[in-house]
Amino acid sequence: MSRVLLKDVRPYGVGDPVDVLVDGEVIAEIGPGLELGPAADVDEIVHAGGAVALPGFVDLHTHLREPGREDAETVETGSTAAALGGYTAVFAMANTDPVADNAVIVEHVWRRGREVGLVDVHPVGAVTVGLKGEKLAELGTMRRSAAEVRVFSDDGHCVHDPLIMRRALEYTKSFGGVVAQHAEEPRLTVGAQAHEGANAARLGLAGWPAPAEEAIVARDCLLAGHTGGTLHICHVSTEGTAEILRWWKSREADGRVSAEVTPHHLLLTDDRLETYDPVNKVNPPLRTDADVLALRRALADGTVDCVATDHAPHAAQDKDCEWSAAKPGMLGLQTALGIVVQTMVRTGLLDWRGVARVMSERPAEIAGLTGQGRPVAAGEPANLVLVDPDAEWTVRGAELASLGENSPFEGMRLPGRVVATLLRGKVTAHEGKVRR
Amino acid sequence: MRHLLSTEGLDAATATSVLDTADTLKQTLLGREVKKLPTLRGRTVVTLFYENSTRTRVSFEIAGKWMSADVINVSASSSSVNKGESLRDTALTLAAAGADCVIIRHPASGAAHRLAGWLDEVGTQVVNAGDGMHEHPTQALLDAATLRERLGELSGRRIAIVGDLLHSRVARSNVHLLRTLGAEVVLVAPPTLVPAGAQQWGAEVRHELDPELPKLDAVMMLRVQAERMHGGFFPSAREYSIAYGLNEARLGKLPEHAVVLHPGPMLRGMEIAPAVADSPRAAITQQVSNGVHVRMAVLYHLLAGEEITA
Ligand SMILES: [Zn+2]
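Residue numbers (the numbering used here), protein chains in the order written: chain U, 1 to 436; chain Z, 437 to 746.
Everything labelled a hint here was simulated from the structure, so no lab data went into it.
Be aware that one or more of the hints could be misleading.
[What the hints assert, rightly or not] The calculated lysine to aspartate or glutamate pairs, modelled on DMTMM-like cross-linking and capped at a C-alpha distance of 25 Å, are: (1) U:K327 - Z:E648; (2) U:K426 - U:E410; (3) U:K327 - U:E70; (4) Z:K501 - Z:E444; (5) U:K327 - Z:D459; (6) U:K249 - U:E185; (7) U:K327 - Z:E640; (8) Z:K689 - Z:E663; (9) U:K426 - U:E170.
Given the structure is predicted, the values throughout are model-derived calculations rather than measurements.
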């Protein structure tokens, strides 16, 4: 069992710098000048220079592409990006090839995550067989598998049939499952290429109207209320969705409906369409200034529970093409913190405790993880991220750990650099390099 | 001009200069038996068509040949496109093979912009011959050339664009160019065929055609694609025709001097009555012949680089 001393950190960015002694997998002690005391005998000292210490981030929405598209990302490269981005747990979406709709595939992904060992990789199981929306997948079997799947999603597709959605919410109740919905009414988004609005109209791109998301969110809140199931709304993108969630949560305060927002929906707008560069193509699409501001407010006041990356790496040929042929999605794991600092911390909407809430505590609670999203305190598991709040860095897609380079933040200066990430007491990332 | 991708970015001076060149070329070739100028000898122009359009392709081909360029036609059905080659690879292959200019027609909005991005480094120029629902700039230029012939200056003229605005690249290109040239534009269509945000194009949006007619100097009818008629955009072809078809009664409500345009191919009887299409008020064949001169002018501006003198 190794002992690591973190010198000069500030838990949640508050107060004078202290030292944190990590003994084995837990935080043993927090206080000033620990190297003079019991910590004198340590295996490693990490000099953090006053960095903010937060619980390790938990991403409810990651695409790792394995199995099937290992040219775009693998469990190993995605885990590397996650550790460098400050994450200690990620949820790997089910829309792989073959689809993660059975115990064999989820166990494969889970086992690969364990072998790599940089973050906890929790496979998300498909809600329906083959993501087709027609027949429930073996949800209980996936739950009982070694991967212990708790979150189910057809992400990339909406579970649009209201009866299938109702059954999924009902059925997963028996084992505490969560149905994570990609809210997109398919009849309203046939051929959709971009947010339905002035920009898409001018550029001749078929529109993805906001009510296509909002209608499904409203419907699913009602179904969750009716069935007693647990619903999570993926990548909320419109002001209207935030309003529906606010209404629902004021009516039903039982916490069975939660929602996430992506970093890109907190920053970018459909003004980005101008160049037709598919690096900006994402689903749901980038929306308007009003949506961006509403989503920031909703995240700040808890209407939207957490940030999830929707990290979606793609091979070059799937992005370096015409807009309509390009696959939707953008990288997110290594830029999420910077975007959150820029849009939420520097704007005064969240303090560092708030960052811990939206990037770690709430996602861990939503997914039912007990060892993640815990306080930075003695006796707690040492899943930590240390952040230099003042350091800025320039995003270079080619330098990110993902196999894809499709970052819309290319060339952007971002605040908030990850100094180190610890997973159960082991340093997984330090000064921009991972440790296996 | 580096490329001709859209009329949105085209300033009035450049547009006018292209139209003036087209005029000059037309006068120069008038009555000549051999319609051939040596201007683009030795230059290679490729038409790369991912959608069938005999009318547009032939117009560009004739334009290139009358300027003595070598014109090579590549169509999706006969090329490696069907074998899954990407647009980017196809473009780079054409450039490597010596194309000076690629004229592209593609079902994806923005395809011409992407192509220009890839070809910028090697210096190959790009003309957008229609990209998805986005733009068709040479169509707008030939429409403007035709209107100038019939009406004189376009400044202060009031022009209606009628029909399927939502899916029409012709409409988008025309709105921008006509406004740049100083015309007032009114868009007329059922609400289902008006794109979100069209109100911001600087044109008035109306849903009834009849009240507009007496105020117009020109009417541009748009093609309603057959597949739209079953998409729930409007109840039936008959109802569309009753509300928006240009029939003889409506022609009678237009001022004497007003011109009727249609980019073709026409749905006679539905969008436009045969008697209207064939009337002297319609400039439809004039549009086609102007198409060649305008495309010659565009190739000239892109590839020859200096002003033409009469
Ligand atoms: Zn999704």
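So, going through the hints one by one against the coordinates:
no.	hint	verdict
1	U:K327 - Z:E648	44 Å, violated
2	U:K426 - U:E410	31 Å, violated
3	U:K327 - U:E70	16 Å, holds
4	Z:K501 - Z:E444	28 Å, violated
5	U:K327 - Z:D459	45 Å, violated
6	U:K249 - U:E185	22 Å, holds
7	U:K327 - Z:E640	36 Å, violated
8	Z:K689 - Z:E663	31 Å, violated
9	U:K426 - U:E170	39 Å, violated
The structure does not agree with the numbered hints 1, 2, 4, 5, 7, 8 and 9 stated previously, though it agrees with the rest.
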